[in-house]
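Q: Listed here are the chains, written in short residue letters.
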Amino acid sequence: MDNKIILLVEDNPDDEALTLRALKKNNISNQVIVARDGAEALEYLFGTGQYSGRAANLTPQVVLLDLKLPKVEGLEVLRRMRANESTKLLPVVILTSSNEEQDRINGYDSGANSYVRKPVDFNQFIEAVRQLGLYWLILNEQPPARRS
Amino acid sequence: MFRDYSISKKLTWMNMLVSGAALLLACGAFIAYDVISIRDGMVYNLSMQAQIVGFNSTSALLFNDPHSAENTLSGLKAWPNIVSAGINTLDGRAFATYQRGQSSQTPAMPPILAGQVETYRFNRSEVVLVRRIVFQDKPTGIVYIQSDLEGLKVRVAQYLGVAAAVLVSSLLAVVLISPVFRRAIGEPIVHLAGIARIVSRDKDYSVRAKPIGNRDELSVLVDDFNGMLSQIQERDTALQQAHDELEQRVEERTKELATTNKELEAFSYSVSHDLRAPLRSIDGFSQALLEDYSDKLDSAGRDHLERVRRAAQRMSVLIDDMLNLSRVTRSVMRREKLDLSAVAKSIAADLQEAEPGRRVEFVIESDLMAVGDSQLLRAAMENLLRNSWKYTSAHPCARIEFGKSQQNGKHPFFVRDDGAGFDPRYSDRLFGAFQRLHTATEFPGTGVGLATVQRIIHRHGGEIWAEGAVEKGATFYFTL
Numbered sequence: 007m008d009n010k011i012i013l014l015v016e017d018n019p020d021d022e023a024l025t026l027r028a029l030k031k032n033n034i035s036n037q038v039i040v041a042r043d044g045a046e047a048l049e050y051l052f053g054t055g056q057y058s059g060r061a062a063n064l065t066p067q068v069v070l071l072d073l074k075l076p077k078v079e080g081l082e083v084l085r086r087m088r089a090n091e092s093t094k095l096l097p098v099v100i101l102t103s104s105n106e107e108q109d110r111i112n113g114y115d116s117g118a119n120s121y122v123r124k125p126v127d128f129n130q131f132i133e134a135v136r137q138l139g140l141y142w143l144i145l146n147e148q149p150p151a152r153r154s
Numbered sequence: 302m303f304r305d306y307s308i309s310k311k312l313t314w315m316n317m318l319v320s321g322a323a324l325l326l327a328c329g330a331f332i333a334y335d336v337i338s339i340r341d342g343m344v345y346n347l348s349m350q351a352q353i354v355g356f357n358s359t360s361a362l363l364f365n366d367p368h369s370a371e372n373t374l375s376g377l378k379a380w381p382n383i384v385s386a387g388i389n390t391l392d393g394r395a396f397a398t399y400q401r402g403q404s405s406q407t408p409a410m411p412p413i414l415a416g417q418v419e420t421y422r423f424n425r426s427e428v429v430l431v432r433r434i435v436f437q438d439k440p441t442g443i444v445y446i447q448s449d450l451e452g453l454k455v456r457v458a459q460y461l462g463v464a465a466a467v468l469v470s471s472l473l474a475v476v477l478i479s480p481v482f483r484r485a486i487g488e489p490i491v492h493l494a495g496i497a498r499i500v501s502r503d504k505d506y507s508v509r510a511k512p513i514g515n516r517d518e519l520s521v522l523v524d525d526f527n528g529m530l531s532q533i534q535e536r537d538t539a540l541q542q543a544h545d546e547l548e549q550r551v552e553e554r555t556k557e558l559a560t561t562n563k564e565l566e567a568f569s570y571s572v573s574h575d576l577r578a579p580l581r582s583i584d585g586f587s588q589a590l591l592e593d594y595s596d597k598l599d600s601a602g603r604d605h606l607e608r609v610r611r612a613a614q615r616m617s618v619l620i621d622d623m624l625n626l627s628r629v630t631r632s633v634m635r636r637e638k639l640d641l642s643a644v645a646k647s648i649a650a651d652l653q654e655a656e657p658g659r660r661v662e663f664v665i666e667s668d669l670m671a672v673g674d675s676q677l678l679r680a681a682m683e684n685l686l687r688n689s690w691k692y693t694s695a696h697p698c699a700r701i702e703f704g705k706s707q708q709n710g711k712h713p714f715f716v717r718d719d720g721a722g723f724d725p726r727y728s729d730r731l732f733g734a735f736q737r738l739h740t741a742t743e744f745p746g747t748g749v750g751l752a753t754v755q756r757i758i759h760r761h762g763g764e765i766w767a768e769g770a771v772e773k774g775a776t777f778y779f780t781l
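Each protein sequence line maps, in turn, to chains E and R.
In this note's numbering, each number is its position in the first sequence, counted from 1, plus 6.
In this note's numbering, each number is its position in the second sequence, counted from 1, plus 301.
Hints should not be assumed to be uniformly reliable.
[Stated by the list, open to error] SDA-like mimics (lysine to any residue), calculated; alpha carbons at most 20 Å apart, straight line:
(1) E:Lys30 / R:Leu565
(2) R:Lys563 / E:Arg88
(3) E:Lys74 / R:Ser595
(4) R:Lys311 / R:Ala578
(5) E:Lys74 / R:Ala567
(6) E:Lys30 / E:Ala134
(7) E:Lys30 / R:Asp621
(8) R:Lys563 / E:Lys31
(9) R:Lys646 / R:Leu590
(10) E:Lys74 / R:Ser571
(11) E:Lys30 / R:Glu566
(12) E:Lys77 / E:Arg88
(13) E:Lys74 / R:Glu566
(14) E:Lys77 / R:Asp621
(15) E:Lys74 / R:Ser617
(16) E:Lys74 / R:Lys705
(17) E:Lys74 / R:Asp621
(18) E:Lys31 / R:Glu592
(19) E:Lys74 / R:Arg687
(20) R:Lys563 / E:Pro19
(21) E:Lys31 / R:Ala567
(22) E:Lys74 / R:Lys563
(23) E:Lys31 / R:Ile486
(24) E:Lys74 / R:Glu592
Bear in mind the hints are in silico, worked out from the structure with no lab data behind them.
The structure presented is a predicted model; accordingly, all values stated were derived computationally and were not measured.
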């Protein structure tokens, strides 16, 4: 579990702090890479820009993706991931404030594996993060690595 | 056959038949009249000749001198039409005769009746006139003259020839003149018929029949026809204009509505995403303070933070309710048949499962069907039943009903409870968004539920109203 990286795509520093706190509260000590906009997320995922030459073993186990993001929208990040061989099968959990029907439809339509709404009540948020960690980091089996 | 002829042909035929018949009648009358007068003239001439012959032969009879009488008779040679003539004695013996040709037959003579001086008889080819010869008031013999009818026949033949010539030339004239009639009557009618056909076939009301320019009935017909076309065209134009305007207005409204809807959607989207994030921070960091700095806070400080958290969570519920309310208005309706009784039963089961300690009796009429959007109607039913569940919570046991009733010719569904009820004076505020008749400490809530129900019912084209009294329960009626 320790070497499994979580990619958190989150532009709101408060939400970032709260998510990290929730992870810590649940004793999830995996490495968390935080991308603060869609473009940065894509750079990390594809090993370009500031992340060029990133080691292949730093590929995240799961991506926690917000929808409203600067530069490149969350759904667009998801679509580009799904269009790319190396990230096509990577588990993506949309973690966002909205539960708008359109967001949910577009999320799954673009290839999300899960859609979780961030609860306002922090205790509920902690519980949500606990379940996410349990499921995606322990229970869920990764797709086999792609030979490029 | 004649019925199917064109009007011009009918007119030509009519002219020919009428003028032909008139000419035939006229010629016939003329010929008849002429034959009669010619015959009268012939009789008159023969009578004159008979009188002269008789007068000149009186002495020959008296002195029994047939030779002298024959001399007198031979004077008739001057009239070639006289075939034969003769004088008979009173006892019927031939006294003297005259023959134009070789024929020696004595013609059959009509008898002279008593009191008559002369008589005559026509047959096919001749006329015979017989006259008494009277001397000193005493009859002395009979003279007769036989004449052929050649003159008459020639005259009749000439008449017939002239009549035929007149008939033929007048029919010819009719044929020559009929185009004039055709132009005057046939052509306007044919033209009118053509225009009428164009109008009915092409629905083109801008065509007009050529005006004739005189004041006869045809001209009036054409003018009135054109007038009618003008009226139809005007009406058509007005109708088209109204239709276009309406369409344009609908298009504008639709566009406006689409814009408003889009704005509303953008607004809700933004509310959904952005308004909740600060609340999460408020709640999350308050919780962090309570956890990490509890030793530095006294009980009042902790209570303040708890209040901050509750307010944030309440705000979150308000935002969600608001979004739900706007979603009810925006969502696409899918109409289908559904069993409202089954929906009510499943909601009742959920409520009882969530709070098994409560003693609430549900009375749900079976098989109440409705047509509508199943998601929206389920939301409406859930709001109504949940309301009843909530407002009966202060009573130790309660009864909640769902059924169909009858009111003023309508058959509304109803949800009834025997809970806290409401003051009917404020019933108009029941369905207002964020309007409440109870405080949140009495009964929790944001005041969106009934507003949502009303919007759902209205979107289905139905009505909703409520009856109730304080502590006597409430009944919500709705039609779809």
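Q: Against this structure, judge whether each hint is valid.
A: Okay, the hints, checked on the actual structure:
no. : hint                : verdict
1   : E:Lys30 / R:Leu565  : violated, 39 Å
2   : R:Lys563 / E:Arg88  : violated, 29 Å
3   : E:Lys74 / R:Ser595  : violated, 34 Å
4   : R:Lys311 / R:Ala578 : violated, 95 Å
5   : E:Lys74 / R:Ala567  : holds, 13 Å
6   : E:Lys30 / E:Ala134  : holds, 13 Å
7   : E:Lys30 / R:Asp621  : violated, 29 Å
8   : R:Lys563 / E:Lys31  : violated, 41 Å
9   : R:Lys646 / R:Leu590 : violated, 45 Å
10  : E:Lys74 / R:Ser571  : holds, 9 Å
11  : E:Lys30 / R:Glu566  : violated, 37 Å
12  : E:Lys77 / E:Arg88   : holds, 19 Å
13  : E:Lys74 / R:Glu566  : holds, 15 Å
14  : E:Lys77 / R:Asp621  : violated, 28 Å
15  : E:Lys74 / R:Ser617  : holds, 19 Å
16  : E:Lys74 / R:Lys705  : violated, 47 Å
17  : E:Lys74 / R:Asp621  : holds, 18 Å
18  : E:Lys31 / R:Glu592  : holds, 11 Å
19  : E:Lys74 / R:Arg687  : violated, 34 Å
20  : R:Lys563 / E:Pro19  : violated, 30 Å
21  : E:Lys31 / R:Ala567  : violated, 35 Å
22  : E:Lys74 / R:Lys563  : holds, 18 Å
23  : E:Lys31 / R:Ile486  : violated, 108 Å
24  : E:Lys74 / R:Glu592  : violated, 30 Å
When the structure is compared with the earlier hints, violations turn up for hints 1, 2, 3, 4, 7, 8, 9, 11, 14, 16, 19, 20, 21, 23 and 24 and for no others.
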